[in-house]
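Residue numbers (my numbering), protein chains in the order written: chain L, 1 to 315; chain R, 1 to 232.
I should point out that these hints are in silico values taken from the structure, not numbers from a laboratory.
Keep in mind the model is a prediction, meaning the values are calculated, not measured.
All C-beta atoms in this analysis are idealised placements derived from N, C-alpha and C, irrespective of residue type, glycine included.
Among the hints, erroneous ones may be present.
Some chain L residues flagged as far from chain R (calculated, every beta-carbon gap over 10 Å) [to be verified]:
#, residue
1, M114
2, V134
3, E196
Which bits of chain L does chain R cover? Going by a derived footprint, with three or more residues having C-beta under 8 Å, they are [what the hints assert, rightly or not]:
#, segment
4, 185–191
5, 200–208
Example chain R residues on the side facing chain L (calculated, C-beta under 10 Å, incomplete) [stated by the list, open to error]:
#, residue
6, Q73
7, G90
8, L92
9, V100
10, V129
11, C148
12, R197
13, L198
14, R201
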Amino acid sequence: MRRNGLRVWALHLALLAVLASAQFWLSPYLATNLARIMVLAVFAMGYNLAFGYTGLLSLGHALLLAAGMYAAGLPALLWGWSAGPAFIAGLAGGGLVAAVLGLLALRTAGVSFMIVTLMFAQAGFLTLLYFAPVTRGNDGFAVAAASRSFLGFDLSTDTPRFLAAFAIFATGLLVSLALMRSPFGRTMIAMRENEERSRMLGYNPFTVKLAALTLSGLYAGAAGAAYALLFGYVGASFATIQYSILPMLYVLMGGAGTTLGPFLGALLMFALVEAATGLTTAHQFIIGAALVALVLFAPKGILGTVRERWAKWLP
Amino acid sequence: MALEVQGLTAGYGPVTVLRGLGFRAEAGRITCLMGRNGVGKSTFLKALMGLIPVGTGTITLDGVALQGLPAHQVPKRGLAYVPQGRRLFGPLTVAENLAVGGLVRGNDPAVLERVLDLFPRLRDRLAQVAGTLSGGEQQMLAIARALCLEPKVLLLDEPTEGLQPSIIALIQEAVVVLKGQGVAVVLVEQRVDAVLRLADRVAFMVAGRVEEVRDTRGLAADDPAFRTYVGV
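Let the hints inform the model, and build the full structure from the sequences given.
Structure (structure tokens):
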């Protein structure tokens, strides 16, 4: 068990070392894309906590991403907050909205939970449009350069942006790994595997699922805030259903219930979209075909399949 | 210590399964529940655990009422339940399953040691993923995980069903040890030989009620009660 633990930490730290060094050997264009992937992977990690580990199939995570994005972006726009406080506001915004969403939506389960979360996300999207004088609606707004500095570093430039994205990603990944190796992480898995059995062992499913969803919201909020501050744009398009489905696809592709799956899924999906867009205007067809193939041949996602067949120690 | 049930009614929606059931289980004794299929044995255990709503009647443990408590509160009051079908957390290891089982009690290492002493086979498989254990080992783990709650009353629903004789013997030995440790064991069991070997008392159920309670001393395998209530 101890050897597996060392192997797991070594694997995660090795990935982080490779990613940290990537800015030195990737072109600025690719490094910026990797920064974007890392931010989206944080979003997917949050989704993975809810869906992959706790079994909460949500279609409302766009709401949590947008909550983080607007909670960080609006204070920057309206009151000129700097990146540090704005990021914390985004983190808190995602967590708070997730907690409220959970209090209401977790009274349902399964398909009903999916529909209710979708409904709340759509309500959130329409709210952003309704209050367009403040939120700037579909057009969105750019985050001013003055608000995109942190400890004297300009987050709109390549290296600080990459390092900030990396720092958020690394924190998210290590927290996620530590969580999954903690008693609470095992409780989340127990809840996913058999809610009734968990209840018979003295766990309150509502409390566990609410905590998991709130954690998931903190990740989504962090990703939304990071996206706003690192890439300088906040818009209602991030609250559309597309951004509820994307993290699900990342997680399903990489492997639901694996710590590295969300990153792998985000990376491969991003690369697939890039490659398919270069080949044809019907790139969605190629992406769809790839997803169908994945479901047919590796229904547990790439790392889920690797874990099942070759590396049972993979977290 | 005693688990007392009086006048219990419970069921599923409009269907009433338990109809004024009375029952008593005492510390350090094994009480078997027997009856034909559909008389409500498993339903009774679920009602005790708060997994289905109770209509009328009372359930008390040492005089403290349990009926009406949310299901997740019942294990904290001293009841543990091993349902049919084991229902382990398949992707977790044996050690992790036990840790999940004992978490609400603070995962006392001494308790874990006692549980592993009861099922030494699990000690060798702590790092193994639970879903890959044999059927017998899975049943041992299901019982061991329930024992991590340090229950006063252990409810076992046909724990040896479908297992090979050597494993059945190990599980039965463990049940006898638990009895010796002062746990009140409530066992749903259909096999007469097992009941006569293990139980102190047998509660025969008919149509959602305990119809007759017999001490197993002086009860023979060919006793008419078995034919009447169980059909064997």
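Here is what the structure says about each hint:
1. M114: holds, 23 Å
2. V134: Holds, because the least Cβ-Cβ distance between V134/L and chain R comes to about 42 Å, which exceeds 10 Å.
3. E196: Nearest chain R Cβ is 7 Å from E196/L, so the label is violated.
4. 185–191: holds (count 4)
5. 200–208: holds (count 6)
6. Q73: holds, 8 Å
7. G90: Since chain L brings a Cβ to about 6 Å from G90/R, closer than 10 Å, the hint holds.
8. L92: holds, 6 Å
9. V100: Interface hint status for V100/R: holds (5 Å vs cutoff 10 Å).
10. V129: holds, 6 Å
11. C148: Result: holds, 8 Å to nearest chain L Cβ.
12. R197: Because about 27 Å separates R197/R from the closest Cβ in chain L, which is outside the 10 Å limit, the hint is violated.
13. L198: violated, 23 Å
14. R201: violated, 25 Å
Taken one by one, the earlier hints fail for this structure at numbers 3, 12, 13 and 14, listed in ascending order.
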